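Sequence order for the protein chains is X and L.
With my numbering applied, the first sequence covers 2 to 499.
With my numbering applied, the second sequence covers 2 to 499.
Think of the hints as simulated: they come from the structure by calculation, not from any bench.
Incorrect hints may have been included.
Within a straight-line C-alpha distance of at most 25 Å, the following computed BS3-like cross-link-like pairs (lysine-lysine) qualify [claimed, not checked]:
hint, chain 1, residue 1, chain 2, residue 2
1, L, K217, X, K42
2, X, K492, X, K196
3, L, K492, L, K196
4, L, K42, X, K217
Stretch-level coverage of chain L by chain X, calculated; a stretch enters the list once three of its residues show a Cβ under 8 Å from a Cβ in chain X [as the list claims (entries may be wrong)]:
hint, stretch
5, 26-38
6, 47-53
7, 220-233
None of the values given here were measured: they were computed from a predicted structure.
Where a beta carbon is used, it is the ideal one built from N, C-alpha and C, also for glycine.
There are 2 protein chains.
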Amino acid sequence: MPEIASSDAVGALRAYLRRIAALEQVAGLLSWDQEAMMPAKGAAQRAEQAGAMAATIHALSADPRMGEWIAALEGEALAPDAAADLRAARRRHRAATRLPEQLAEALARETAAAHEVWAAARAARDFAAFAPALERIVSLKREEAACLAEGEGADALYDALLDQFEPGATVAEVAPLLEGLRPRLSALRAAIAEKPAPAALSGLFPAAAQLDLARKVARRLGYDFEAGRIDLVVHPFCSGVGGDVRITTRTDEADPFNCLYSTIHEVGHALYAQGAPDPFLPNADYCSMGVHESQSRFWENQIGRSRPFAEWLFPAMREAFGNFGIDGPEALHAAANRVEIGFIRTEADEAHYNLHVLLRFELERELISGALPVAALEAEWNARFLHDFGREVPHAGLGVLQDVHWSAGLFGYFPTYALGNIYAACLDAAMARDLPGREAMIAQAETGPILAWLRERIHAKGALLSAPALIEAATGEAPSAAPLLDHLEAKFGALYGL
Amino acid sequence: MPEIASSDAVGALRAYLRRIAALEQVAGLLSWDQEAMMPAKGAAQRAEQAGAMAATIHALSADPRMGEWIAALEGEALAPDAAADLRAARRRHRAATRLPEQLAEALARETAAAHEVWAAARAARDFAAFAPALERIVSLKREEAACLAEGEGADALYDALLDQFEPGATVAEVAPLLEGLRPRLSALRAAIAEKPAPAALSGLFPAAAQLDLARKVARRLGYDFEAGRIDLVVHPFCSGVGGDVRITTRTDEADPFNCLYSTIHEVGHALYAQGAPDPFLPNADYCSMGVHESQSRFWENQIGRSRPFAEWLFPAMREAFGNFGIDGPEALHAAANRVEIGFIRTEADEAHYNLHVLLRFELERELISGALPVAALEAEWNARFLHDFGREVPHAGLGVLQDVHWSAGLFGYFPTYALGNIYAACLDAAMARDLPGREAMIAQAETGPILAWLRERIHAKGALLSAPALIEAATGEAPSAAPLLDHLEAKFGALYGL
Numbered sequence: 002m003p004e005i006a007s008s009d010a011v012g013a014l015r016a017y018l019r020r021i022a023a024l025e026q027v028a029g030l031l032s033w034d035q036e037a038m039m040p041a042k043g044a045a046q047r048a049e050q051a052g053a054m055a056a057t058i059h060a061l062s063a064d065p066r067m068g069e070w071i072a073a074l075e076g077e078a079l080a081p082d083a084a085a086d087l088r089a090a091r092r093r094h095r096a097a098t099r100l101p102e103q104l105a106e107a108l109a110r111e112t113a114a115a116h117e118v119w120a121a122a123r124a125a126r127d128f129a130a131f132a133p134a135l136e137r138i139v140s141l142k143r144e145e146a147a148c149l150a151e152g153e154g155a156d157a158l159y160d161a162l163l164d165q166f167e168p169g170a171t172v173a174e175v176a177p178l179l180e181g182l183r184p185r186l187s188a189l190r191a192a193i194a195e196k197p198a199p200a201a202l203s204g205l206f207p208a209a210a211q212l213d214l215a216r217k218v219a220r221r222l223g224y225d226f227e228a229g230r231i232d233l234v235v236h237p238f239c240s241g242v243g244g245d246v247r248i249t250t251r252t253d254e255a256d257p258f259n260c261l262y263s264t265i266h267e268v269g270h271a272l273y274a275q276g277a278p279d280p281f282l283p284n285a286d287y288c289s290m291g292v293h294e295s296q297s298r299f300w301e302n303q304i305g306r307s308r309p310f311a312e313w314l315f316p317a318m319r320e321a322f323g324n325f326g327i328d329g330p331e332a333l334h335a336a337a338n339r340v341e342i343g344f345i346r347t348e349a350d351e352a353h354y355n356l357h358v359l360l361r362f363e364l365e366r367e368l369i370s371g372a373l374p375v376a377a378l379e380a381e382w383n384a385r386f387l388h389d390f391g392r393e394v395p396h397a398g399l400g401v402l403q404d405v406h407w408s409a410g411l412f413g414y415f416p417t418y419a420l421g422n423i424y425a426a427c428l429d430a431a432m433a434r435d436l437p438g439r440e441a442m443i444a445q446a447e448t449g450p451i452l453a454w455l456r457e458r459i460h461a462k463g464a465l466l467s468a469p470a471l472i473e474a475a476t477g478e479a480p481s482a483a484p485l486l487d488h489l490e491a492k493f494g495a496l497y498g499l
Numbered sequence: 002m003p004e005i006a007s008s009d010a011v012g013a014l015r016a017y018l019r020r021i022a023a024l025e026q027v028a029g030l031l032s033w034d035q036e037a038m039m040p041a042k043g044a045a046q047r048a049e050q051a052g053a054m055a056a057t058i059h060a061l062s063a064d065p066r067m068g069e070w071i072a073a074l075e076g077e078a079l080a081p082d083a084a085a086d087l088r089a090a091r092r093r094h095r096a097a098t099r100l101p102e103q104l105a106e107a108l109a110r111e112t113a114a115a116h117e118v119w120a121a122a123r124a125a126r127d128f129a130a131f132a133p134a135l136e137r138i139v140s141l142k143r144e145e146a147a148c149l150a151e152g153e154g155a156d157a158l159y160d161a162l163l164d165q166f167e168p169g170a171t172v173a174e175v176a177p178l179l180e181g182l183r184p185r186l187s188a189l190r191a192a193i194a195e196k197p198a199p200a201a202l203s204g205l206f207p208a209a210a211q212l213d214l215a216r217k218v219a220r221r222l223g224y225d226f227e228a229g230r231i232d233l234v235v236h237p238f239c240s241g242v243g244g245d246v247r248i249t250t251r252t253d254e255a256d257p258f259n260c261l262y263s264t265i266h267e268v269g270h271a272l273y274a275q276g277a278p279d280p281f282l283p284n285a286d287y288c289s290m291g292v293h294e295s296q297s298r299f300w301e302n303q304i305g306r307s308r309p310f311a312e313w314l315f316p317a318m319r320e321a322f323g324n325f326g327i328d329g330p331e332a333l334h335a336a337a338n339r340v341e342i343g344f345i346r347t348e349a350d351e352a353h354y355n356l357h358v359l360l361r362f363e364l365e366r367e368l369i370s371g372a373l374p375v376a377a378l379e380a381e382w383n384a385r386f387l388h389d390f391g392r393e394v395p396h397a398g399l400g401v402l403q404d405v406h407w408s409a410g411l412f413g414y415f416p417t418y419a420l421g422n423i424y425a426a427c428l429d430a431a432m433a434r435d436l437p438g439r440e441a442m443i444a445q446a447e448t449g450p451i452l453a454w455l456r457e458r459i460h461a462k463g464a465l466l467s468a469p470a471l472i473e474a475a476t477g478e479a480p481s482a483a484p485l486l487d488h489l490e491a492k493f494g495a496l497y498g499l
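Looking at chain X on its own, in the form it has when it is part of the complex:
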């Protein structure tokens, strides 16, 4: 009776996946606590605690019983939710069993050690000081990718790494989408550079008032404080899923946009995580990192940096900060969208951001394929930056050393940022058709129907579909770069009189 056998296997597999999800939530809480609460002298113990959690989760993921249940379900006709759980289980079991223990340990050791080396090299603006560590990491990541790779060809290794963040995605599919951004983005960038920048904010913005405003915005956008909390840290992030989704933020007393937009960004992640149908099953959690980023970027950019939102934000900021040198919503909107050709990705405006990502995506593919040696990375970075941004990189700290990702072994992660921007714009375009009164809602920060639209079409679907299929189901069209480019050209065209 194969039907009974496979339903048994689904049940057994799910009990296991639930256990693993619970332990991963605990590991996530450890990270949150480390950033937000842990006393300084707890660090060494915390490393051992995190290591014990990782070893426990690895042992469960590699358990031969998991392999048996997966094998029992291969080829069975499963309901979409069970099929999605099977895909997640297969991916997890494969990663846990294919990597030799020695390789996993070497990666953990090298990336842990590389963090300090990278930070020191960045401070010293000295790529050569980081290059040996990066060489070892790239070599180990190529080994890892070779263990995981399913296909053949020049991008098979990179695909295996990309798949860890964007399940099912391949260079063949992602590269055209991302690289299609470059021509129009470059043209937009060049056109804006000819124009004078709008006025910036002025004054001092007390940290407490910024935090109050951030909480107010979070609440209005639908973040459920009964299922989360906001704390201050050095690097903002969102942690958790379901009934316990915590946001962190930071304040800069000279720049209230930092706290405000990082909070809205994390609220976007948090709304997705709070909307997960079941925090313990992969099919009912999030779809991919790209889709996760689409939620954060949608709320940050399509809502938070929109012209209508400035109608609500301007009086809210006046109440919080008094006079800050801006005379109304229109000027506030312009100030919140000031374009500056900077060197740092995390500080980039919407017009430049994806060019930063493209640079990294192309370079890391070549590092992983072996086409680009680490020794040549800095020169290559600087040459391509000059081409894409029209400026010379002054030093490695503002160039190739700026991001933490590669020192942590995170190859294949960068493209999910641009995918998120692309998906966010696709969703925005579809939503504009579905919700004709949307601008008025945003102008009053009454965004309930917007969240409901996302809950129904994205959050409720978990990981039932691949990311492109999910976006297509939500919008009626396969994802493409056009809505993002249209959005950016319209927005900056209006702001800069292009």
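Guided by the hints, dock chain L onto chain X, whose structure is given.
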């Protein structure tokens, strides 16, 4: 080559114990977070996370390899630290393997369900509403004790439960020590009852000022804020070990002693935990719950409620609260030691506290031995309370239902409170001989040498010795009730003119 074999087994066992300790620290952090940080809607998920951690720790503790290492080391001549780790491993492995899974699950289920039943019954002052749940718990605990019991005789079952909190302790050894307290405590209580009570504090005590004072006191007593933090919760506790030991406290604006003395109590636990030589090995962690409680009670009572400490505390409280109706250190010391015949253990003064514990110790032994049926518990409680305290219990909420312990299956825990008081007084008497200038130190809250004395004689010894052996090694005398009784008679004799 048996020597190599056993040193291999020590290393393997210790690697395992370290892993388990790390996971138990994580489980402890989950509890701290649940009380101090977790949003309300996180509760259901947290239960599943805690369950996953408990199952993981249980599986490691029950692992047959642990049994093999233990067996390989039995009878070997081990260094004291390895012998202590072996004892801890044996106790853990035995508990994990002897309890049938069904029994462990029934206990977890019944105690989880009983919590709400107990809270409702206490609110309704209705013991009969709780009795059926308690009957099931007592019955399951008797089963558990039968699985774990090593010896024979009337107290073999209770001994097995007591051993979980006070390793190696038995009723035969503990009961005479504790019951020896009763005659002189009863006489002291009766003598005090004849006398008028000293003046109490008056006024309002702002919560923020109380918390500031609590932090100031914690810092002066040696609590390391780089290795801990203090937060507000409903029920104060101390959590963690080594470099991350967190305290919680609470404030009552009508009674600053609540926050102050609960903080000092938890600081006592925290100083012990921060002083653990190695937070990942049982031999280098704490000795027993009784010894842990000796540290909290020592700082709370022997230091915090002492006459010299009032010299430092009075100006500190004046600075924090202004005038609070007390004119100097002597009156403050009297107010901090007001004796009132109350019904509630957790609110009891030093003169009454141990009588509360004795009552529970005797009743729970009889519940576990089977001599006392649950149906007769309330009447028995009330009769013995009348005998020991000279007052009728008005209702079950102020009597048999007041403590959470039995509903949680915590039998064998109560005596560790009285052992802690006894040990604290033993240490205090020895320290008075060793540190002749101690009163002046306490009067200035310069207690470094006191902490150093405890660090050397108690904290640094971890679990190398049994609790009585540890106290004897630290003080030169086997633990006895005499120092505690002498301390109480001297203190209250002076305060009440007895």
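Requested in this report: Take the C-alpha atoms of K492 (chain X) and K196 (chain X), compute the straight-line distance between them, and say whether it is at most 25 Å.
Outcome: holds, 15 Å
Query raised in the report: Does K492 (chain L) pair with K196 (chain L) here, judged by a C-alpha cut-off of 25 Å?
Result: holds, 15 Å
Query raised in the report: Regarding the pair K42 (chain L) and K217 (chain X), is the alpha-carbon distance no greater than 25 Å?
Result: holds, 20 Å
Report task. Confirm or reject the coverage of the stretch 26-38 of chain L by chain X under the rule of 3 or more residues with a beta carbon closer than 8 Å to the chain's beta carbons. Result -> Since 6 is at least three, the answer is holds.
Requested in this report: Closer than 8 Å, Cβ to Cβ, for at least three residues: run that test on the stretch 220-233 of chain L against chain X and report holds or violated.
Outcome: holds (count 6)
**Report entry** Assertion that chain X covers the stretch 47-53 of chain L - criterion: three or more residues, beta-carbon distance below 8 Å
**Finding:** Our answer is that it holds, as 5 residues pass the Cβ test (under 8 Å) against chain X, meeting three.
Query - Given pair status - K42 (chain X), K217 (chain L), alpha carbons within 25 Å - result: holds, 20 Å
Of the numbered hints given earlier, the model fails none.
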